[in-house]
Amino acid sequence: MTSIVRALGAFGRFWKDFLIGEAPELFLGTLIFVGAALALHHHGYVAVVLLPLIIVAFLGGSVFRGRAKS
Amino acid sequence: MTTSTVVLALAVFGASAVEMVEALTIVAAAGVSRGWRSALEGTVAAALVLGALVVAVGVPLARLVPINVLRVVIGALLLVLGLDWLRKAVLRASGHMALHDEDAIYARTVADLSGAAATTGGAAAGSWRHGRRDATSFTVAFKGVFLEGMEVVLIVITLGASSGHLALAAVAAVAAAVVVSIIGYFVARQLSEVPENSMKLAVGIMLTSFGVFWVGEGAGLHWPGSDLMILVLVGVFAMTAAVLSFAMRRIGPSRQTVAVHGGPSS
Chain A
1 MTSIVRALGA FGRFWKDFLI GEAPELFLGT LIFVGAALAL HHHGYVAVVL LPLIIVAFLG
61 GSVFRGRAKS
Chain B
1 MTTSTVVLAL AVFGASAVEM VEALTIVAAA GVSRGWRSAL EGTVAAALVL GALVVAVGVP
61 LARLVPINVL RVVIGALLLV LGLDWLRKAV LRASGHMALH DEDAIYARTV ADLSGAAATT
121 GGAAAGSWRH GRRDATSFTV AFKGVFLEGM EVVLIVITLG ASSGHLALAA VAAVAAAVVV
181 SIIGYFVARQ LSEVPENSMK LAVGIMLTSF GVFWVGEGAG LHWPGSDLMI LVLVGVFAMT
241 AAVLSFAMRR IGPSRQTVAV HGGPSS
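Line order of the protein sequences matches chains A and B.
The opening position of the first sequence corresponds to residue 1 in this note's numbering, with each subsequent residue numbered one higher.
The opening position of the second sequence corresponds to residue 1 in this note's numbering, with each subsequent residue numbered one higher.
Derived by calculation from the structure, the hints in this document are not laboratory data.
Heads up, a few of these hints could be off.
[What the hints assert, rightly or not] Some, not all, of what chain A presents toward chain B, calculated at C-beta under 10 Å:
no., residue
1, A7
2, L8
3, G21
4, L26
5, F27
6, T30
7, Y45
[To be verified] Short, incomplete list of chain A residues facing chain B, as computed with Cβ under 10 Å:
no., residue
8, S3
9, G9
10, G12
11, F18
12, L19
13, L31
14, F33
15, V34
16, A37
17, I55
18, V56
19, R67
Ideal placement from N, C-alpha and C gives every residue a C-beta, glycine not left out.
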């Protein structure tokens, strides 16, 4: 039983580190991006321009946040 | 072969090469300090487990999950991974984060393993020198290859399953592992000269581009130019990374960093 709990804990930690890691804002940005893609997919060129910009904005913010933490 | 297939193969090859350089550093340290037999056995065992994971998870994923759901979920995972690699590569390229120093990792692992050998003492400590099995060397090599290889497995499964090219993705990953192993065999002491950060930057750009493309496709968006849009996205994110690196170099360290290191505070 203990080993199962330990394995589940390790599995959970792996995914937490993988998804959130040192930059939770990038995980948040990805969720917002997915939501925006689902909401805007009928809007053609607006979506094509706006979606990559969401990623650029979150990446820029995260890099500046990383600089402040360095 | 379509544009997306070529970019996919390059992305998997690059990601696998970066991770394998890191794994090879650990395997080389284990082999040099405690004997090669167990280090190589640990490496092969980890590679087999990783290969089994690709087959066990990747194949059912590609066959059972609806393709659009798969693309949204997998695109999101690629985005998380790609953005993290990009962020770290930009911070390292602009001097705000320490570069990954393979020489230092190698030296530290050799010192740790040599210390472990010394504390084991007597016949047990020397048994591995005569070609016998050494549990420490096996475990260190296994863990090194398994942990570094997990990200490669995720990339192979995500890129391969969502594009229907799981076998190609797996072959690209194995090819990178073989190339890095051959290079490592000849230049084991010069792993630090591999331009790891540049490779990580390039792979981060490709993973992010695939992530954006597939989340869009899965959500029902029709990208202009279809697969060719991946190249446009690669260009957009390459430009973004270049501008961010330039900007970060220009503005220098944060005030907080200067204060911590005792520099001018005003």
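Do the hints match the structure? See the list:
1. A7: violated, 14 Å
2. L8: violated, 17 Å
3. G21: holds, 6 Å
4. L26: At 5 Å from the nearest chain B Cβ, A:L26 passes the 10 Å test, so the hint holds.
5. F27: holds, 6 Å
6. T30: For A:T30, the interface hint holds, since the closest Cβ of chain B sits about 5 Å away, which is under 10 Å.
7. Y45: holds, 8 Å
8. S3: violated, 17 Å
9. G9: At about 17 Å, which exceeds the 10 Å cut-off, the nearest Cβ of chain B leaves the hint on A:G9 violated.
10. G12: violated, 15 Å
11. F18: Hint holds; A:F18 Cβ to chain B Cβ min 7 Å, cut 10 Å.
12. L19: holds, 6 Å
13. L31: holds, 8 Å
14. F33: With a closest approach of 7 Å, the A:F33 hint holds.
15. V34: holds, 5 Å
16. A37: holds, 4 Å
17. I55: holds, 6 Å
18. V56: Check passed: Cβ of A:V56 comes within 5 Å of chain B, closer than 10 Å.
19. R67: Result: holds, 5 Å to nearest chain B Cβ.
Hints 1, 2, 8, 9, 10 from the earlier list are contradicted by this structure; the remaining hints agree with it.
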